[in-house]
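**Q** From just these sequences and the hints, can you work out the full model?
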Amino acid sequence: MSMLNSSENLGIPVEVGAIDGELKKLWEADEASTNASLMNFLVYTEDPSRLQENSQTIQELTRENACRAVLIAMNRKAIDVKVESWITAHCHLAHGKKSICSEQVSFLLHGKSLGRLRNTVFAHLNSDLPLVFWWQGEFSELFEERLYRLLDRLIFDSSDWADPKRGVRRLLKARSDTKGGMVTQDLSWTRSYYYRLAVARLFDDPMAHKAFPEIEKVRVKAQSKHRIAALLMLAWVVTRSGWSVQYQETGRVILESREGREVVVELIWDDEGAPISELEMSAPNFKARISREAGNSHLCQSIRAESHSVDFSGPADYDDSAGLVASQLSRGGKNSLFLNVLPQFMELLEGGR
Amino acid sequence: MNNPFREDLVSRNLAEACSVVIFGATGDLTHRKLIPALYNLAIDGELPAGVRILGFARRDWSNEFFREGLETLNRQVSRTGHDEEIWESLAANIEYHKSEFQDKGGYKRLSDRLDEIDRERGGKGNRLFYIASAPEYFDDILLNLKEAGLSQERPDCDGCWSRVIVEKPFGTTLGTAQHLNEVVNGTFEEKETYRIDHYLGKETAQNIMVLRFANAIFEPMWNKEHIDHIQITCAEHLGMEGGRGGYYDEAGALRDMVQNHLLQLLSLVAMEPPTDLTADGVRDEKVKVIRSLRQWDTPELVAENVVRGQYVAGNINGKEVPGYRDEDRVKSDSETEAYVALRCMVDTWRWSGVPFYVRVGKRLPKKATEISVHFKETPSVLFNAMPGGVPTGNVLVIRIQPDEGISLMMNSKLPGTTLRMEPVKMDFHYASSFGKSSPEAYERLLLDAMAGDATLFARRDEVEEAWRFIDKIHKAWTDNSEELPIAQFPAGSWGPWEADELLAKDGRTWRRL
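Chains as they are written, first to last, in my numbering: chain D, 1 to 353; chain Z, 1 to 513.
Honestly, the hints are just simulated from the structure, not real lab data.
It is possible that part of the hints are untrue.
[As the list claims (entries may be wrong)] Over 10 Å on every C-beta distance to chain D, these chain Z residues come out as not near it, computed from the model:
1. 147
2. 407
3. 472
[Unchecked claim] Calculated pairs, DSS-like style, for lysine-lysine (alpha carbon to alpha carbon, straight line, at most 25 Å):
4. D:287 - Z:124
5. Z:104 - Z:146
6. D:24 - Z:413
7. Z:425 - D:25
8. D:24 - Z:425
9. D:210 - Z:124
10. D:25 - Z:413
[Stated by the list, open to error] Calculated from the model, a selection of chain D residues having no Cβ within reach of chain Z, i.e. all distances over 12 Å:
11. 13
12. 28
13. 78
14. 81
15. 82
16. 112
17. 115
18. 137
19. 139
20. 161
21. 163
22. 178
23. 181
24. 249
Think of the CB as a built atom: it goes at the ideal place given N, C-alpha and C, for glycine as much as any other residue.
**A** Put into structure tokens, the structure is as follows:
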């Protein structure tokens, strides 16, 4: 019996061997829609209960990212080895006119069988299109070289990891095995994208720019479940500023600037606020602050200095995974900045609790 | 020291905080395009902190009235909708400056206000002047900016800049364009002058270079050896609605569209690979194309290579529409062309003997701007003996608007036991593949101007070379109106038969859009 309470979001149940034929029939039956695909988008989870949720996420994602979606859920605890599969299409009106559809194939794989994940992936791709792989949860032993060698882009969320250091090490090994050919995108890193833009924007201000060498205090406030996102953002601030870690304790990091000045970082975990609710950098007579209320889609950005005050609003990052993935996909790129801050992030992990 | 947080964050030139002064702020362009563009930049987090917007115009409006009007239009036309919080944040930085364009006192007050804003902002006094007024005020505005000391580099402000964006029409003849260039360059340095051609801000226009130079399959074939001819079409189903007849009847299709938009597109298609992607690197190559256009400088050459037309009453989308001379604000005996088709020859090694057919017109069956590259047919040794032969050569189509995208026509065997071929189409639609809407051209161009990137703006020599080519055709029409009469075509058709004849005598036809 299926692990799913309902499979209605997943579409029509089909035999694995009949998937291509059934997809063809699906399109032949509907002449009014266009099947579009810009990439193979694969979502993998080892929690079968997420399959339905992932289908809904694809429904949202395909509004802006036409793709061949392949959803795979693995029930590794099952004793019997078997496969269930479904096909469906997600259609949206493009600019209120043409119906643009993305096809989706879903699999629920039961039991343990050698090489089955890899084979399921490779057997259901649109040839030549890039392969974007969203790995949900920890990297298990199924995250292996034969699989990741063929990925163009790997998306994951390090906030799901119980052991982030282990996760990063696996990631770096995969990067090394693929000789850097696979682009890696951490949704925890994406969570601070607009914060990082806002910091850069604030320090374009000449007064802020002038005050930068005097910064002596940094405060980061975030939900405890987004500790990794907060630390990645902090690692970026530290790396870009040329500061180095001197000492760490719970909720506090002591840094040293290139000029030998002390910079104190305060980390506050606030589960009532937004995923990242504040980043403040202050110096004597100067404060640059970015903040976000829970549920608000804007970042408030301000500078306070002697006889100088700037306030404005800007966009904030998405809270949900679908939004974060969509914004990652829309930006593309090699994401090399993320890799550059990983060493600092690993160091901060020691004391970031 | 640079801002350390900027490094590696974005892969484009950095837009800098500045005061944007819009001349002609009560007009349609400001309300429908410029402010919504700035708003959408704010929505995307691209607008630099500390940008202030000053609307300069003659009407007796208050700040509140000005902002309310902008807000009303933004709600209607913004591509991302209207977000109250972002609007409030932007609107707080918008103000109205009432002055006649000729009033020197108005510029002095503007200068004082800009200084005050610089002090409030506590930083560099960067200024971006956007001249969106009627063209007859361009001289006044530029000269008064100079006199008020607003256009020059200021010794007291290290690294500050003053830039000017000039809307089209950039002159109406070579002489007026040269005069305007003299005035502009007497006021602002050329590197601080941004002559806007919004076609260059369109996503697909920018994609022409990517298509050509980032895809190895095209560039080796992008020459006279493989390309038979190229067509550029800019069709408009509208006529002279909204009072545009007055301006249009003075300008005509050749000067309103071909001199700028279409020659810009032609130059992007025909240019050599630039040595780099700097503004001058790209523009150096574009201007070479325009300079290489064979000149149609006698009535005979114009008669042979150019067709001008006017529509008569007809039917579009099931509605009766009037003829050109019966349109609002158009003279009843007007000799202005509402349609033009021309054959251009680019006399370079790459394009020798390859015609570029360009057509533009009002009241054509539909709105469409496209470039189609028609490849040569295959040698007639294999399939031509088969029934039906080879249907057509390959055609690569770059759709600029609407429905931006690229398609490639190729021949394929029909299923069956006999060898018959039919053309099939591989089609890429931006809207289907990228659901995210493209930024409006003005968003990109305003941001580029704030960043000091002039790549997508026309340089002085490009504008003047284009006028040099256009002026000769226009002069031939004016001096020889009887020998070079205006052809007529019914509104809703694809132009006069003389335009079809232009291609037919070369053994070609216009692409059916």
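**Q** Is residue 115 of chain D truly not at the interface, in the sense that its beta carbon sits beyond 12 Å from all beta carbons of chain Z?
**A** holds, 33 Å
**Q** Quickly compare the C-alpha distance for residue 24 of chain D and residue 413 of chain Z to 25 Å and report which way the hint goes.
**A** Given that 25 Å is the threshold and the Cα spacing comes to 21 Å, the pair holds.
**Q** For residue 249 of chain D, is the shortest CB-to-CB distance to chain Z above 12 Å, so the non-interface label stands?
**A** holds, 26 Å
**Q** May I ask you to check that residue 82 of chain D keeps its beta-carbon over 12 Å from the closest beta-carbon of chain Z?
**A** Per Cβ check, residue 82 of chain D is outside 12 Å of chain Z; nearest 36 Å; holds.
**Q** Are the Cα positions of residue 24 of chain D and residue 425 of chain Z separated by 25 Å at most?
**A** holds, 20 Å
**Q** Is the Cβ of residue 78 of chain D more than 12 Å away from each Cβ in chain Z?
**A** Correct as stated: the minimum Cβ-Cβ distance to chain Z is 37 Å, above 12 Å.
**Q** Please verify that the nearest CB of chain Z lies beyond 12 Å from residue 163 of chain D's CB.
**A** holds, 28 Å
**Q** Non-interface claim for residue 137 of chain D: all C-beta distances to chain Z beyond 12 Å?
**A** holds, 28 Å
**Q** Any Cβ of chain D at or closer than 10 Å to residue 407 of chain Z, or is the non-interface label fine?
**A** At roughly 13 Å from the nearest Cβ of chain D, residue 407 of chain Z sits farther out than 10 Å, so the non-interface label holds.
**Q** When you look at the beta carbon of residue 178 of chain D, is every beta carbon of chain Z farther off than 12 Å?
**A** The assertion about residue 178 of chain D holds, with a minimum of 22 Å to chain Z.
**Q** Checking a non-interface call: every C-beta of chain D should be farther than 10 Å from the C-beta of residue 472 of chain Z. Is that right?
**A** holds, 42 Å
**Q** Is the nearest CB of chain Z more than 12 Å from the CB of residue 81 of chain D?
**A** holds, 38 Å
The structure meets every hint from the earlier list without exception.
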